[in-house]
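Sequence lines, in order, name chains R and C.
Numbering (our numbering) for the first sequence: 1 to 403.
Numbering (our numbering) for the second sequence: 404 to 844.
Please note that a few of the clues may not be correct.
Unchecked claim - List time: in silico DSS-like cross-link candidates among lysine-lysine, alpha-carbon distance up to 27 Å:
no.	chain 1	residue 1	chain 2	residue 2
1	R	K312	C	K585
2	C	K427	R	K166
3	R	K326	C	K511
4	R	K326	C	K588
Said to hold, decoys possible - Listing some non-contacts, in silico: residues in chain C with all C-beta distances to chain R over 10 Å:
no.	residue
5	L423
6	E587
7	Y635
8	A663
9	I672
10	P677
11	F696
12	E706
13	P730
14	K762
Said to hold, decoys possible - Covered stretches of chain R, going by a simulated chain C footprint (3 or more residues, C-beta under 8 Å):
no.	region
15	19-27
16	80-92
17	126-133
18	147-153
19	319-327
20	359-372
FYI, nobody ran anything at the bench for these hints, they're computed from the structure.
Here the structure is a predicted model, which is why all the values come from computation and not from measurement.
All C-beta atoms in this analysis are idealised placements derived from N, C-alpha and C, irrespective of residue type, glycine included.
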Amino acid sequence: MITTNEAGGTLAELPRLVEKCEAVCLDFDFKTVSDWKEKNPGKKAFGFLPTYVPRELIHAAGMLPVGVLGADDSLEIVRGDACFQSYICHLPRSVVELGMTGRLDCLSGMMFPSTCDVIRNLSGIWKLQFPEKVSLYFDAPQNFDMQIGGVFYRRVLEEIWEALLKVSGVAATNEDILASIKLYNENRRLTSVIYDMRSARPWVAPASEVYILMRAGMQLPVEEHNAILTRYIELIEDEVTAGSRRELDNARVVVSGSFCEQPPLTLVRTLERSGCYVVEDDYMMVTRWLGSEVPSDGDGMHNLVQAYMDYKGESPAKFVPDGQKKGTELIGRVRSTGGEGVLFAAPSFCDPALLDQPMLQEALDKEGISYTAFKYSENTGQMQPIRERAGTFADTIKLWGDA
Amino acid sequence: MKNELDVDAKPVIDKEQSMLVQKKMIADHFTKLTQAKDLGKKVVYTFVPGNLTELMLSFDTLPVLPEINALQSGMRKMSGEYIAEAERHGHSEDVCTYVKCDIGMMLKGNIGPTGQKIPDPDLLLLSYTGCFTFLKWFELLRDRYPNCPVAMLHVPYQGEGEYTPEMVKYVVEQLQKEIIPKFEKVTGNDFNEDALKRLLANSAIAEEDLVWVLEAAKNPISPIDAYFGGVYYIGPIFTSFRGTESAIEYYKQLRQEVQARIDAGLGPITPDGPMEEQKFRLVVEGPPNWTSFREFWKMFYDEGAVVVASTYTKVGGVYDRGFRHDPDKPLETMAEYCLGCYTNLNLPDRVKMMADYVKDYNADGFLMNSVKSCNSFSSGQLVMLREVEKLTGRAGGFIETDLVDPRYFSASNVKNRLESYFQMLAQKKAGPLESAEEVTA
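Looking at chain C on its own, in the form it has when it is part of the complex (with noise of 0.2 Å):
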């Protein structure tokens, strides 16, 4: 029994089930990354967007992803530490937090989100896919493992808002000619194509249930939370796991878990219980902060506020607007993967998704997170705001956090202002405001 009296005990949070399995797949990722060397495994540093998971798997491959650990040492109050250390060494307050929270982790031993140290890289797979500090990241862990070969992907942007079949080729030739290769050379191994395909297909089809679940929140009363549990949804499929059948398994577990919510009528599964009532659903743009992660989330379930679609769902995949791995033609889906994802889009592209988003999932409003860290999303926001506004019709909001420097978090303003847009919203639902004249009359 609780003691009501414990005032240091932990408070009881609700988990899902699915959250509890990806719990269990993650720990079981990191301890098979601590014994890669005694396994003869080798191990893969990539990133998010444009990563490449079926083809490192089909490698037999360990990937690990420097983004999710920042923004796991982010959750866990350990990036501060991280980032003043990497400060300390030279690199500049101005810059993106990912990439010093990441280096000062190394500087500190290297010590991943379970407390287990993360081996050394085999290989670096630059995916420079959407965001151009992967570049200089990436020329930094080079730095850090002069011995560490690296294998660039250049994936082009879709600057005129599409990709062209010469950007598609440029891509698969060099899958063909340089990445392909250097796994061959690092891992000893033959390409084995029916080996990716057979992964391929795999991720196909925890990208049905991956998309299904994100469209559940059309229904009136929204089962999930497509941003702050959004990030736990699409936890298996931008990581290590697309194209296994364990990320099939949690898909399939997940789905029925939100399908039973529908049929119960019941909101999402907030840290502080099921949501009851949403009084406002809303599309958010950015990615979230992860220092004070739960805090920004109840300011919004505080409020009665849903978010019942986000596009930092999407830098992993764009599968909602009908992209699927296809096995059959495995390096070209590779490629165009990679050329899909949200930040690769152009602002024009990002704007209509969003706009899409509103309109789809009848939302009342939208919220730009606005981080410090990343210019990728960022830059331009405050021009989207406008241009999704005037075609929604519907009022955007804007606060501004980083991903895991807690300095940039403050909880105060970011509080202010979602209540102010909140009011806002209200007051908009409640009808239109009498005129000025009629009211003194």
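Next up, chain R with everything else stripped away, as it sits in the complex (with noise of 0.2 Å):
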């Protein structure tokens, strides 16, 4: 049955939006991509790892950018764990696994950002194994001086570029770089509204739906995801209004770690069947990373350098310089989503996120902010374990909090 509210809006658009965001991110085929080169006769994808590169420049060489993730628990890993010893996280077997079935064909190259060393590893793999694909490296400054680190990182910039309009065969323009800018900048601003929103009424913008929608948009052209997200907002605001989505004592809890490989998306799901309502995580920063609005007139690439050398933002791929505290953003994280406690969701064998941990609870104890830890992978399959730690971790908050 259709309910058409007040707003005029239909309630049953809402789960046909985020089904179709779920399909997309469920993709393993990339079939979305492999559509929209159908229908962009002799354009080109190009894919990238997380946590940060700067999609605006691929998308500014004429190509779509497209996030690989990993395959959450639907693929089954036999080539990829050939490739990595037990120790190692799951996210590069899946993606050596997508790349070896030949899913990853209908991208012309891969760029690895330098988040950790199984990355920038990956990076070398890509280029023994797919030696016919572009295999980038993208080294990102951890000196945050303008002029220095932005010297060098405007220099990696351009490297890219060439790089990439090589792929292309597109000879763009500064135009097109600030007209790039001008569409994630959107892009990011709408990210920022949902988070804004979902921290305000989780109930309404379940954290599970805001996932979906956001990982949607590693595979979907930048356009398309504005659009979806702008009506999405729309939506909840009439959902805002019908009141149709009831809240729950739930407690609000802060994700914390889950910065580069993805939980599946049923994790994600049973956070909030365990009385938990995420009002803030660090799930695909590329999203949000840089903040805002990066200037979209003048040097399109100086812009983007500055944004980055501005960049407050924390996360276990990047260096917090002398003179700051780590854990001084997760704090303020949690204080400004009205957060009552962190979890911890760290994927296992993942050096950066488990290594930061004991600082960032250490910061929390300081602040009186509770916590707890687990860890996953991609391909968790058991769900009870965590459900009940997440819970127990919410009835905590609930019986407790305010002691």
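Both chains are given apart, each in its own frame, so use the hints to dock them into the complex.
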């Protein structure tokens, strides 16, 4: 039954929209990408891994940026396991599996950011296993002085830009970069609006829906994704008016540590079912990196450099410079979203996230913010232990949170 | 006279004279460290790959290398306790055990390998070269020493298989604008380029002798073991002594010892005496296991396997590819050194290096020692194995251990794998097997 609300929208449209996005984010045959290429003859797609890459440059070069974030729990890993020892995280296995089974044939190349040693070495594996494909290593600076790290970063972007143009065969200009910046500014703005809506009313914009929406953006063209996010915001506003989504007595938690290998969608849903409202997370940070507004006039490349240098967000993949205190940003996110506790959810064998944890936990201790921790893999199948842990944590917050 | 009935007596271990010299160098260094505050010397914690020893010495500071402390703790059977202590303080069982060993050692009083307390750092020199975990490690140390400044040197990775002039420039600028000013501030001394140049010139002399020693393994009877012995040979030049007169003397002496063994047709000295028969010549990739170092080595020399080249002995510099510190361009040469360290090479280049070693050192095979702790080394080694096999036609072996976590060294498993591997090599050396059809006939 379709219910028309006062705002004129249809409540049934919301689940349809989410369903459509879910199909995209669980599309590990990358049909979405192939379809886009069919509709845009002669155009190419270019993949990237977490955490951050300048998607604007891929887009401006006339290609579709495609986030390759693994394969959830949907893919049997055979060839990928033959490339990695048991103590390496799961993400590179599924990425290799996707590559070796031809699922990534739709991509003309891949960009591997300097997230960790595993992704760094995966760039070399790609060169060895797929010599016909372009494999770019994206080495973002850890020096945030514009005159030092900024100069180096400019050169990194210029080299990446040259390589991308060579792949796409497009003679793109600064104007194209500026146009792409505008589109991604809008994408970051809409993402920010949705995150704010979720932290304000997580029962109306639940974490699993937001996750699905954002992950769909890893495959969809930014123009289409922006339209989806815009429509989602409208539909959520309608939902607020209609009041059909009921608030539960859940604990408001912030998820930290899932910045690279993604949890399976089931796990994201399990957290909600266990009594947690996820009001903030660090999933797919590429959608939120650089803050909201990168200047879209003048020298586009310079604007991207400046925005990267100025961005103060913390990530396990980023060195916290001298003078800043580790965990400050996490505490800020807990406070600004009304979080009542932190769920450290890190992938197994993820050195950056797991090495961060003791420091972040110490910072939370000093602020009296409670937390719990568990590990996952993208193909984690057993949800009961996680549900029990998260549920107990939520109960603890509810029972003794104000004590 | 040795009492043959004294079952508790420690086995007599043959040591080369150069080993004793090195032991004294290390002991003297730790003595200086314990006296650092009294002597008014500043203490700098830093890492082996991409270390800036000459710069540290030019400022008259004393280096402390946490990885070396960790491996020494491993060899002294202390690392298990330290790791457990770190895990009790919330560190995951999944992460780098060097880090946990170091943190655990600090939690237990920071007593170094000589039994003396290691002084707190005056500067944390984070040379981020080829290992992402270094970033986290020094964030953790900064948490423990909140008043200690961090000088952060970001060394770009050779993602495309080479370093570019822009990368060199980036590192040099960090040295000029970040690193040297922090040294000046911490020590109260001005940067002394002449002193740095003198140290760099000394480095080049020692580097020349080190390369000669490593390449001595090309002899039909290798006078060295380039892995188990090699880790001792790289000790002074990879740590606190590069650039010093004592390092020059050490390598001169080492070279003479190796020359003497070549002249006498002798193999390397093992803990059980000179190695006699050399049945298998191997190239080894990856760091060794430190907690059962001698047991591990014995598994090789008992089977007549000598390591003729290893990649681990290049983590602190790939001198055998021609790099020498150049005193005429002091900052550039330090930048190039950092950029060129083994773990900063991309996987195709690491494959090439191993394949070159197999050919240049006439190896019968190669072995990957994959350590759980080190993603920088280990991630991708299974792919490397297949690639090196393709390039060389030689058989590769694969074993798994850890750096300093004794829980991850399973002697029987490692021994079984090695014995099977050596049997396979022996069969290959014996010539092609008869085909099944011929055997049946």
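Q) Just checking, A663 (chain C) versus chain R, shortest CB gap more than 10 Å? A) The assertion about A663 (chain C) holds, with a minimum of 41 Å to chain R.
Q: With a cut-off of 27 Å on the C-alpha distance, tell me whether K326 (chain R) and K511 (chain C) pass.
A: holds, 24 Å
Q | Coverage of the region 80-92 of chain R by chain C (three or more Cβ within 8 Å) | A | holds (count 7)
Q. Closest CB-CB distance from F696 (chain C) to chain R, is it above 10 Å?
A. Holds: least Cβ distance 21 Å, greater than 10 Å.
**Q.** Whether chain C covers the region 19-27 of chain R (at least 3 residues having a Cβ closer than 8 Å to its Cβ atoms)
**A.** violated (count 0)
Q) Taking the closest pair, is the beta carbon of E706 (chain C) still more than 10 Å from chain R? A) holds, 24 Å
(Q) For the region 147-153 of chain R, count the residues whose Cβ lies under 8 Å from any Cβ of chain C; is that count three or more? (A) holds (count 5)
Q: Mind verifying the non-interface call on I672 (chain C)? Its CB should be farther than 10 Å from each CB in chain R.
A: holds, 33 Å
Q. Is the straight-line distance between the alpha-carbon of K312 (chain R) and that of K585 (chain C) 27 Å or less?
A. holds, 23 Å
Q | Distance rule for E587 (chain C), whose beta carbon must clear each one in chain R by more than 10 Å | A | holds, 16 Å
Q: Measuring Cβ to Cβ, find out whether L423 (chain C) lies farther than 10 Å from everything in chain R.
A: Non-interface label stands for L423 (chain C): nearest chain R Cβ at 37 Å, farther than 10 Å.
**Q.** Status of the stated non-contact between Y635 (chain C) and chain R (beta carbon gap over 10 Å)
**A.** Label holds. Min Cβ-Cβ 27 Å, cutoff 10 Å.
Hints 2 and 15 from the earlier list are contradicted by this structure; the remaining hints agree with it.
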